[in-house]
Amino acid sequence: MFAQVGAAIAAVMLLGGPALAESKLTDPQIAHIAYTAGNIDIAAAKQALTKASNKEVKAFAQDMVRDHEAVNKQALDLVKKLNVTPEDNDTSKALSKQASEKLAELGKLNGAAFDKAYVANEVAYHKAVDSALETKLIPSASNAELKSLLQTGLKIFQGHEQHAEHVAAGLK
Amino acid sequence: MQRGRFGLIAGVLSLAATAVPAHAATITIVMENLVVSPAEATAKVGDTIEWVNKDVFAHTATARNGDFDVMIPPKQTVTYVLKKAGTVDYYCRFHPNMKAMLKIDGKPSP
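The listed protein sequences derive, respectively, from chains A and B.
Taken in order, the first sequence gives residues 1 to 172; the numbers are from our numbering.
Taken in order, the second sequence gives residues 1001 to 1110; the numbers are from our numbering.
Hint data in this document are derived by calculation from the structure and do not stem from the laboratory.
Treat the hints with caution; some may be incorrect.
Claimed, not checked - List time: in silico DSS-like cross-link candidates among lysine-lysine, alpha-carbon distance up to 30 Å:
| hint | chain 1 | residue 1 | chain 2 | residue 2 |
| --- | --- | --- | --- | --- |
| 1 | A | K58 | A | K46 |
| 2 | B | K1054 | A | K46 |
| 3 | B | K1044 | A | K73 |
What the hints assert, rightly or not - Derived contacts from chain A toward chain B, CB cut-off under 8 Å, selection only:
| hint | residue |
| --- | --- |
| 4 | D63 |
| 5 | A70 |
| 6 | Q98 |
| 7 | S100 |
| 8 | L106 |
| 9 | K108 |
| 10 | N110 |
| 11 | K155 |
| 12 | Q158 |
| 13 | G159 |
Ideal Cβ positions, reconstructed from N, Cα and C, are used throughout, including at glycine.
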C-alpha cells in the first residue's frame, strides 16, 4: 500500500518537477493540466463505484464524480468564454500515464483491499494536487478568472482531501 | 372611549404575540466558493436559518453535536428552524474545510 501511495505522489510531483521549473506554464497549459487532474479523479471514482464494497467509500466516490464534473464544466465554460484552447503538455501526459497505471494496479484488487488502496490513493493524490495548485498552477496563471477558478479548485481539492482522510480513518 | 379602544387593540396584539412568536427572525448565511459567511452567527430558538448555496457543488450544514444535518443542493436555498439552544459548530460533510458556528439563545424572541 505504501508503494501505491508513493507512486501517486511521484505522479503528481512531476507537476512541480525541475522540467517545469525552467519554463513558465501558459494559461492554455494550466487549463489543460487542471482539467486532466479533475478527469483523473473522475475515472478513479468511476472505477471505485464498480469495485468498492464499503458504503462510505462508494458515497465518497459519488461525491468525487459530482464535484469534479461540476468543476470541469466550469473550466470548459471558462475556456470557451476566454476563447482559450487547452493545450496538451508534458505534465498532462505524465499525469495521464501515471493515472492509467494506477487504474490498472487498483483494478487487480478487490473487496476491502481495494477500498483501502483507493482511499489511500485519494488522500495522496489530492494532497499532491493541492500542493501543485498552490505552488505552481495558481502563481503561474495570468488570467484573473482562471486564477480564481483554480483557487476554488484548490478549496475543493483540500475539502476532498479532508473528506478522504475521514473515510480512511473509518476503514481502520 | 378612546382608552377602551386602545385597550382592546392592545389586548388583541398581546394575544397574537403569545400565539405566534411574531418576532422570529430569518438569518441568511451564504455558501460561496466553499466559504460560509458569516462564519459566526447568533440566533434564537424559533428563528429560521436560511442557507444560500451559490456554488455549483452540493454542501451540507452538519452540526458536530448531531443537532442538525441539512443538505443544500447546488444553487439552492434551504431553510431550517432552530429547535435547540447552544453553541453549535457545523461543517460541510462533503468539504470538511467549510466550517462555521451558530450561537443559539434559548429564549425565543418575545
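Hints, verified against the model:
For the hint pairing K58 of chain A with K46 of chain A, the CA-to-CA distance comes to about 10 Å; that is within 30 Å, so the pair holds. Taken as a hint, the K1054 of chain B and K46 of chain A pair is honoured in the structure, with Cα atoms around 27 Å apart against an allowance of 30 Å. For the hint linking K1044 of chain B to K73 of chain A, the alpha-carbon distance of about 40 Å lies beyond 30 Å, and the restraint is violated. Given hint, D63 of chain A at the interface with chain B, holds; its Cβ is 5 Å from that chain's nearest Cβ, closer than 8 Å.
Here the hint on A70 of chain A is kept, as its CB sits about 4 Å from the closest CB of chain B, short of 8 Å. For Q98 of chain A, the interface hint is violated, since its Cβ never comes within 8 Å of a Cβ in chain B; the closest pair sits about 26 Å apart. At a threshold of 8 Å, the smallest CB-CB gap from S100 of chain A to chain B is about 27 Å, leaving the interface hint violated. Interface restraint check: L106 of chain A against chain B, minimum CB-CB distance 23 Å, threshold 8 Å, status violated.
With its C-beta approaching chain B no nearer than about 29 Å, K108 of chain A sits outside the 8 Å limit, and its interface hint is violated. Among the interface hints, the one on N110 of chain A is violated; its C-beta lies about 27 Å from the nearest C-beta in chain B, farther than the 8 Å criterion. The interface hint given for K155 of chain A is met, as the beta carbon of that residue sits about 4 Å from the closest beta carbon of chain B, less than 8 Å. The beta carbon of Q158 of chain A comes within 5 Å of a beta carbon in chain B, closer than 8 Å, and the hint placing it at the interface holds.
About 3 Å separates the beta-carbon of G159 of chain A from the nearest beta-carbon of chain B, less than 8 Å, and the hint is met.
The structure is inconsistent with the numbered hints 3, 6, 7, 8, 9 and 10, although it conforms to all the rest.
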